[in-house]
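Novice: Read off the chains here:
Protein chains: 4
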Amino acid sequence: MPIPDPPTFDPTARAAFRHWARVPLRYVDQDPLGHINNAALPMCLEQARVELIQPVLKAHAGPDADIVLARVTIDYLKEMSYPGTIEIGTRLTRLGTKSVATAHAAFMAGSEVCVGTAVCVLVLFDTRKRASIAPGPALRSALEGLMA
Amino acid sequence: MPIPDPPTFDPTARAAFRHWARVPLRYVDQDPLGHINNAALPMCLEQARVELIQPVLKAHAGPDADIVLARVTIDYLKEMSYPGTIEIGTRLTRLGTKSVATAHAAFMAGSEVCVGTAVCVLVLFDTRKRASIAPGPALRSALEGLMA
Amino acid sequence: MPIPDPPTFDPTARAAFRHWARVPLRYVDQDPLGHINNAALPMCLEQARVELIQPVLKAHAGPDADIVLARVTIDYLKEMSYPGTIEIGTRLTRLGTKSVATAHAAFMAGSEVCVGTAVCVLVLFDTRKRASIAPGPALRSALEGLMA
Amino acid sequence: MPIPDPPTFDPTARAAFRHWARVPLRYVDQDPLGHINNAALPMCLEQARVELIQPVLKAHAGPDADIVLARVTIDYLKEMSYPGTIEIGTRLTRLGTKSVATAHAAFMAGSEVCVGTAVCVLVLFDTRKRASIAPGPALRSALEGLMA
Numbered sequence: 206m207p208i209p210d211p212p213t214f215d216p217t218a219r220a221a222f223r224h225w226a227r228v229p230l231r232y233v234d235q236d237p238l239g240h241i242n243n244a245a246l247p248m249c250l251e252q253a254r255v256e257l258i259q260p261v262l263k264a265h266a267g268p269d270a271d272i273v274l275a276r277v278t279i280d281y282l283k284e285m286s287y288p289g290t291i292e293i294g295t296r297l298t299r300l301g302t303k304s305v306a307t308a309h310a311a312f313m314a315g316s317e318v319c320v321g322t323a324v325c326v327l328v329l330f331d332t333r334k335r336a337s338i339a340p341g342p343a344l345r346s347a348l349e350g351l352m353a
Numbered sequence: 206m207p208i209p210d211p212p213t214f215d216p217t218a219r220a221a222f223r224h225w226a227r228v229p230l231r232y233v234d235q236d237p238l239g240h241i242n243n244a245a246l247p248m249c250l251e252q253a254r255v256e257l258i259q260p261v262l263k264a265h266a267g268p269d270a271d272i273v274l275a276r277v278t279i280d281y282l283k284e285m286s287y288p289g290t291i292e293i294g295t296r297l298t299r300l301g302t303k304s305v306a307t308a309h310a311a312f313m314a315g316s317e318v319c320v321g322t323a324v325c326v327l328v329l330f331d332t333r334k335r336a337s338i339a340p341g342p343a344l345r346s347a348l349e350g351l352m353a
Numbered sequence: 206m207p208i209p210d211p212p213t214f215d216p217t218a219r220a221a222f223r224h225w226a227r228v229p230l231r232y233v234d235q236d237p238l239g240h241i242n243n244a245a246l247p248m249c250l251e252q253a254r255v256e257l258i259q260p261v262l263k264a265h266a267g268p269d270a271d272i273v274l275a276r277v278t279i280d281y282l283k284e285m286s287y288p289g290t291i292e293i294g295t296r297l298t299r300l301g302t303k304s305v306a307t308a309h310a311a312f313m314a315g316s317e318v319c320v321g322t323a324v325c326v327l328v329l330f331d332t333r334k335r336a337s338i339a340p341g342p343a344l345r346s347a348l349e350g351l352m353a
Numbered sequence: 206m207p208i209p210d211p212p213t214f215d216p217t218a219r220a221a222f223r224h225w226a227r228v229p230l231r232y233v234d235q236d237p238l239g240h241i242n243n244a245a246l247p248m249c250l251e252q253a254r255v256e257l258i259q260p261v262l263k264a265h266a267g268p269d270a271d272i273v274l275a276r277v278t279i280d281y282l283k284e285m286s287y288p289g290t291i292e293i294g295t296r297l298t299r300l301g302t303k304s305v306a307t308a309h310a311a312f313m314a315g316s317e318v319c320v321g322t323a324v325c326v327l328v329l330f331d332t333r334k335r336a337s338i339a340p341g342p343a344l345r346s347a348l349e350g351l352m353a
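Protein chains in written order, with this note's numbering: chain P, 206 to 353; chain B, 206 to 353; chain A, 206 to 353; chain C, 206 to 353.
Excised from the complex, chain P in its bound form:
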């Protein structure tokens, strides 16, 4: 039986994402160029993964389980301007031994124009032991549910 192709998706299309975080921009997110500073997107990505993945982690691996960002790549595709709300689509793309990979796309609310994309590698982490952790079967299964 042939090995199925890996799931593919258009990383700049809203349709590729089921999970969304909404981050209303603040006046202070702007910089002297009169647009949203690049540092806003990392904060939005953090927001997206905290809202999506932390509840799953806490539910299946206890209150000390958390995620730590190991690697991020962001492509800034369009300028963003205040006021407005950034919507971040998120999907899990890979579940490793002690890490997960995520893909993200950013849109201004009400627009179909992708303003940025990102991929992240997150390490599962025990905040008390300060060490990475391998997810057990229940957490594994719950994380797989975010890969759709």
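For the record, the hints were derived by calculation from the structure and aren't laboratory data.
Hints may be right or wrong, so weigh each one.
Identical copies go unnamed one by one, so any copy, or any two together, can satisfy a pair.
[What the hints assert, rightly or not] Under the rule of at most 30 Å between Cα atoms (straight-line distance), these lysine-lysine pairs were calculated in the BS3-like manner: (1) K303 with K334; (2) K283 with K303; (3) K263 with K334; (4) K263 with K303.
With chain P fixed as given, assemble chains B, A and C onto it according to the hints.
Specialist: Quick look at chains B, A and C alone, frame taken from chain P:
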């Protein structure tokens, strides 16, 4: 005559970098995990490129010339903690038609342990025309001077 | 005829405020004490005045008119914690020659418990001339409308 | 014997302050008006009190002792611009049962022009018990040493 190999360097070694920005950490850079939030590194990278590249741009392409971040990849190698100063080494690695690529390494002051590395693509930009610009010969030459 | 008493209000009661700004908290607003850092409230106050007063200014005094914070007093009454949304009530309390005073109260969405109060003095400012400005009759009248 | 007058000082003079914190400005501290956003000063004040008061607290009241901001008043006297370093002078002005009051003045490095002043009320706080604490004699004495 053989074509020389492209310049290579160890992206985690202080010796690879001639240009440095120093960013003292602030209490507010910490997050609930008791370490420096991942969003601090993008700000430090911005600091590094603003300090190194903006003066060259303004000198050779006028006050409206600026740089805009198009792409960034950051590898978070070690936790950082307050108090301390992040030192960011920067070098230009490529000079394109309307863009430059940079490589960076981050260290805590007084330490040889690399806490993170990054590569960026920056677009040269006219803030008045809000359009990318191709550097003229003088700016090109000055930017090449940052590639050592 | 007796001079009426100045308008008074309970600065910690939702009922004292007609104008509201909503600022969803971000993970990054937290600090190592596990609560929302004190620096979040100044950002929320900025948000509140930008949303309420800037449109009035721009409409009646042109695109270069803006407000600059001259003085702020904040009373932090309760710890705030993530996740949640801060709601800032705002009212103008005084209209001076070149300045306005505002009063604010902060609540977590869904709660009647005031988590902080603030009073601000804002200077009307021409961003091109970089000088304070005295509002004309139309702007004055519009600002008085925010004093209710 | 006459009661001595309370200590007085010029809150805008460098000479009034013995304790200093230095906060180099970051590009991201700027806002669309091309100056340093008002939210930078609260962060600098936090920096000043953390550097001055936290070591005294931890030394005399243990690792769980901390300070929480209860009230702040800031007067913004001059615009600040990037690049530069803000220097914050700090002195304790009052030692209460469970709180201290501080006075601060802000200057750009190399300048005698005061760009802002502030007064704060800080509550001594046990981060584990999440309750305010009354300082014992050793801490009291150490804090009095910061009142000069």
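Novice: Work down the list of hints and note, for each, if the structure agrees.
Specialist: Against the structure, the hints come out as follows:
1. K303 with K334: Classified as within: same-chain Cα gap 15 Å, cross-chain 34 Å, threshold 30 Å.
2. K283 with K303: between (34 Å within a copy, 16 Å between copies)
3. K263 with K334: both (15 Å within a copy, 24 Å between copies)
4. K263 with K303: So K263 and K303 pass the 30 Å test inside one copy only (16 Å; across, 36 Å).
In this structure, none of the earlier numbered hints is contradicted; all agree with it.
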